[in-house]
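Q: Construct all of the structure, not just a fragment, from the sequences and the given hints.
Protein chains: 2
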Amino acid sequence: MPDSFPLPVFTEDAPLYDQLYRHIAAAIQSGTLSPGSKLPSKRRLCALAGVSMSTVETAYSLLAAEGYVLAKPRSGYVCADLLPPAPAAPASVPEAAPVPTPKWAYDCSTSAVDTSAFPFSSWARITKEAVYENPGLLQRGSPQGDAPLRTALAELLAQYRGVRCSPEQVVVGAGADYLLSLLLQLLPEQKAIALEDPGYPAAYAAASLHGREAVPIPVDSEGMCPEALEKSAAGLAYVVPSHQFPMGVTMPAGRRSRLLHWAASAPNRWLIEDDYDSEFRYSSRPIPALQGLDRAGRVVYMGTFSRSIAPAIRVAYMILPPELLERYRATFSHGACTVSRFEQESLRRFLAQGLYGRHLRRTGNLYRKKCALFAGALEEIPGVTVSGADAGLHFLVTLPRFSEGELVARAAAKSVGIHPLSRYCHAVEAKPSTMVLGFAGLTETELGKAAALLKEAWT
Amino acid sequence: MPDSFPLPVFTEDAPLYDQLYRHIAAAIQSGTLSPGSKLPSKRRLCALAGVSMSTVETAYSLLAAEGYVLAKPRSGYVCADLLPPAPAAPASVPEAAPVPTPKWAYDCSTSAVDTSAFPFSSWARITKEAVYENPGLLQRGSPQGDAPLRTALAELLAQYRGVRCSPEQVVVGAGADYLLSLLLQLLPEQKAIALEDPGYPAAYAAASLHGREAVPIPVDSEGMCPEALEKSAAGLAYVVPSHQFPMGVTMPAGRRSRLLHWAASAPNRWLIEDDYDSEFRYSSRPIPALQGLDRAGRVVYMGTFSRSIAPAIRVAYMILPPELLERYRATFSHGACTVSRFEQESLRRFLAQGLYGRHLRRTGNLYRKKCALFAGALEEIPGVTVSGADAGLHFLVTLPRFSEGELVARAAAKSVGIHPLSRYCHAVEAKPSTMVLGFAGLTETELGKAAALLKEAWT
Numbered sequence: 001m002p003d004s005f006p007l008p009v010f011t012e013d014a015p016l017y018d019q020l021y022r023h024i025a026a027a028i029q030s031g032t033l034s035p036g037s038k039l040p041s042k043r044r045l046c047a048l049a050g051v052s053m054s055t056v057e058t059a060y061s062l063l064a065a066e067g068y069v070l071a072k073p074r075s076g077y078v079c080a081d082l083l084p085p086a087p088a089a090p091a092s093v094p095e096a097a098p099v100p101t102p103k104w105a106y107d108c109s110t111s112a113v114d115t116s117a118f119p120f121s122s123w124a125r126i127t128k129e130a131v132y133e134n135p136g137l138l139q140r141g142s143p144q145g146d147a148p149l150r151t152a153l154a155e156l157l158a159q160y161r162g163v164r165c166s167p168e169q170v171v172v173g174a175g176a177d178y179l180l181s182l183l184l185q186l187l188p189e190q191k192a193i194a195l196e197d198p199g200y201p202a203a204y205a206a207a208s209l210h211g212r213e214a215v216p217i218p219v220d221s222e223g224m225c226p227e228a229l230e231k232s233a234a235g236l237a238y239v240v241p242s243h244q245f246p247m248g249v250t251m252p253a254g255r256r257s258r259l260l261h262w263a264a265s266a267p268n269r270w271l272i273e274d275d276y277d278s279e280f281r282y283s284s285r286p287i288p289a290l291q292g293l294d295r296a297g298r299v300v301y302m303g304t305f306s307r308s309i310a311p312a313i314r315v316a317y318m319i320l321p322p323e324l325l326e327r328y329r330a331t332f333s334h335g336a337c338t339v340s341r342f343e344q345e346s347l348r349r350f351l352a353q354g355l356y357g358r359h360l361r362r363t364g365n366l367y368r369k370k371c372a373l374f375a376g377a378l379e380e381i382p383g384v385t386v387s388g389a390d391a392g393l394h395f396l397v398t399l400p401r402f403s404e405g406e407l408v409a410r411a412a413a414k415s416v417g418i419h420p421l422s423r424y425c426h427a428v429e430a431k432p433s434t435m436v437l438g439f440a441g442l443t444e445t446e447l448g449k450a451a452a453l454l455k456e457a458w459t
Numbered sequence: 001m002p003d004s005f006p007l008p009v010f011t012e013d014a015p016l017y018d019q020l021y022r023h024i025a026a027a028i029q030s031g032t033l034s035p036g037s038k039l040p041s042k043r044r045l046c047a048l049a050g051v052s053m054s055t056v057e058t059a060y061s062l063l064a065a066e067g068y069v070l071a072k073p074r075s076g077y078v079c080a081d082l083l084p085p086a087p088a089a090p091a092s093v094p095e096a097a098p099v100p101t102p103k104w105a106y107d108c109s110t111s112a113v114d115t116s117a118f119p120f121s122s123w124a125r126i127t128k129e130a131v132y133e134n135p136g137l138l139q140r141g142s143p144q145g146d147a148p149l150r151t152a153l154a155e156l157l158a159q160y161r162g163v164r165c166s167p168e169q170v171v172v173g174a175g176a177d178y179l180l181s182l183l184l185q186l187l188p189e190q191k192a193i194a195l196e197d198p199g200y201p202a203a204y205a206a207a208s209l210h211g212r213e214a215v216p217i218p219v220d221s222e223g224m225c226p227e228a229l230e231k232s233a234a235g236l237a238y239v240v241p242s243h244q245f246p247m248g249v250t251m252p253a254g255r256r257s258r259l260l261h262w263a264a265s266a267p268n269r270w271l272i273e274d275d276y277d278s279e280f281r282y283s284s285r286p287i288p289a290l291q292g293l294d295r296a297g298r299v300v301y302m303g304t305f306s307r308s309i310a311p312a313i314r315v316a317y318m319i320l321p322p323e324l325l326e327r328y329r330a331t332f333s334h335g336a337c338t339v340s341r342f343e344q345e346s347l348r349r350f351l352a353q354g355l356y357g358r359h360l361r362r363t364g365n366l367y368r369k370k371c372a373l374f375a376g377a378l379e380e381i382p383g384v385t386v387s388g389a390d391a392g393l394h395f396l397v398t399l400p401r402f403s404e405g406e407l408v409a410r411a412a413a414k415s416v417g418i419h420p421l422s423r424y425c426h427a428v429e430a431k432p433s434t435m436v437l438g439f440a441g442l443t444e445t446e447l448g449k450a451a452a453l454l455k456e457a458w459t
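Sequence order for the protein chains is A and B.
Residue numbers 1 to 459, in the working numbering, belong to the letters of the first sequence in order.
Residue numbers 1 to 459, in the working numbering, belong to the letters of the second sequence in order.
What the hints contain is simulated information worked out from the structure, not anything from laboratory work.
These numbers come from a predicted model, not from an experiment.
C-beta: ideal position from N, C-alpha, C; glycine also.
This list has only true hints and no planted wrong ones.
Covered, in the sense of this in silico footprint (three residues per stretch, anywhere, with C-beta under 8 Å from a C-beta of chain A), are these stretches of chain B: (1) 76-82; (2) 111-119; (3) 128-139; (4) 206-217; (5) 253-262; (6) 334-343.
Result set (DSS-like, lysine-lysine): computed pairs, CA atoms no more than 30 Å apart in a straight line: (7) B:414 <-> B:370; (8) B:369 <-> B:103; (9) A:191 <-> B:191; (10) A:414 <-> A:431; (11) B:72 <-> A:431; (12) A:370 <-> A:103; (13) A:191 <-> A:231; (14) B:103 <-> B:414; (15) A:72 <-> B:431.
Chain A residues, not near chain B, derived (Cβ > 10 Å throughout): (16) 32; (17) 155; (18) 156; (19) 213; (20) 362; (21) 455.
A: The following block contains the structure:
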């Protein structure tokens, strides 16, 4: 037994055996007690440390159980050969993420929604009922999402969007980005993905994260250009036909037919139809989804409640055509749905009790007013053209008198935050002097003030 | 104007303009009205169809807006050239997913948990409060999860698991499988991933879905074998040190040191520590996490509430070392967290109000009793050895008298469902005649009956 055995000083409030155990473990890890050296006998340590036999026995058995010491017959406990601790990394305590300080007095980004109309008391009541009345929901559910919610979604989409599907084709997941990632995992053979240019940044990010080539396809006044798609090597195309992001154009029937024809005219071609904000149209009725026109089973329809209810509600869905549904079941049948079953049940009740329809009407009216107010005020600025304002939660403003950079800088000088169109462009040149303005997150009063400031900035 | 213009029959309850619009759109899509053919003048159609001018005007403007017809100067409306509808796919209405009928009277699978102790009334109250008291949570939150929950998790893990991290390193996501997928997207350079063999099937599935090579590393009585890991080409190793799945072994300190040394001794090496059921230990205290011993910043710690609370609660977390946190922020800073912010806030309250600790004590006692009862009853069967029963929600049973297939078949004949160990094996031979038995989802009475049936089956 080494005379130099480092005796503990018992100071803490913790049990003595635990302090003794941690003291010896630390000495072994640091090398103070070298590999192969013997620990004092239990009796000896009792005397040295002034603790009871049971304290020593407990500490030694913990050390043995965790591999710090080995029990050798007739020689007691021997320190294990722990490799020296790995070299310390350069001291790098992670910095706190930059707190998103509001940089602008008026932020016209496109990701916010109006939550003033959110029915808090109904949602709170529903979530409580969903927990109370459904103890069975605690266990693991279907990876596709629970059947009652999928049935409600299939009915909703048939009624409002002309989507034709059975509840079996619905896959529920925690957000559209998550579902897009899932879909790319289902389609490993798709090495090149056609994306709208300008287009939704998260779709470009998803392609890159899954190691696929993003093929930018120009967008014209009718949406994705079919000539460029047909010439490309892509077998998978991601389109937003009902209100393209960010251009705001709606794809007419002829273009839709042509895209469907492209998808059906060779094997292993697929269209992803992202219908992210189709709930809000102001100047005409919603145009039925591409999916409803698809006779060849080539369209994956995607939608989300993050705009029509709130970004905090992480529920999105996709409708898989039969061939992809088979693949999905073969691949993901053992997983769990990423949406809490209580939240699925809350949403189902929200739909079934007519609260969703009422909420859509209220927010639709709010957005219609906001859109008209903001677009109308901006159109009073000499030279301004507004486009894409007949649907969704954003529109475009073009003012040729200034360059894109000047428009952003002049707005910023008045503390109005806006994104230039070029931010969403990849291979194409952005339409000059054009801004993308979201209006959903600002109140009517704020929109009036923001428009007045932009008028000062841009005249 | 063609004389053959197909007149609509107005029968439905829908507005006349809508019936007229859909009638003509369908005729154009089906080819009954050929491309380039002219529609009747508005006045003519009024007379023919017996409807008002405004009905015809609305229908025609919808058709024009959606691209079915083109307005030609001085010749009225002309049908657009829609490509013929794509060929119909072979009739393939998706079959309903097979309803998971209970195949066994007693199902000893490893995925169920005991939900009898779930505090429904507290959880219902908390979820309601979380909605009512936090209107701000409707807007988009941090992609990593909200700071108050991350702070609570960092404290919980420091206290119970010896994890050392700042709240900034915590990433919250909808399930461990989702977070593993995210991590693989962050580590595209890792082409080969070392996985425990036998091991967790979802980890093998994740590697395959992300196009990586799964490198099976044998598991011995101390967990993943370091010799095989060191010889492999893998730079990323996925380990379950606290209660290996399915072998149930706990990795001792020496083995932990050696794995940390492996990770620290070359650049771009990482350990994923999955601590999925560390909350439940019966015969000794929990062993601190590998992450807490890591001086080189090479360990990603992962945990989940799907076992400690319920599978329905889709909240998991990972602790990123500083270098991966930087990558994460560069890659995912624009996304949204996959867990609803209301659910994040509910969980934070559940932790802060001491309800989680109480729930763990209650379920820990339940599982301890169930484990002892079931393992004890099975050990009475002549020749049976139980292993891995000092932690978690499953253990292993070995009975050399029968082959693996015989053990499964004889249990099935008594309507007891069990999984053979070979189900989790890849390159290694399974330990012969060994079963993996979960006990969490059955009541004590059911466990007693299942054990009696297995005794009949196996003697």
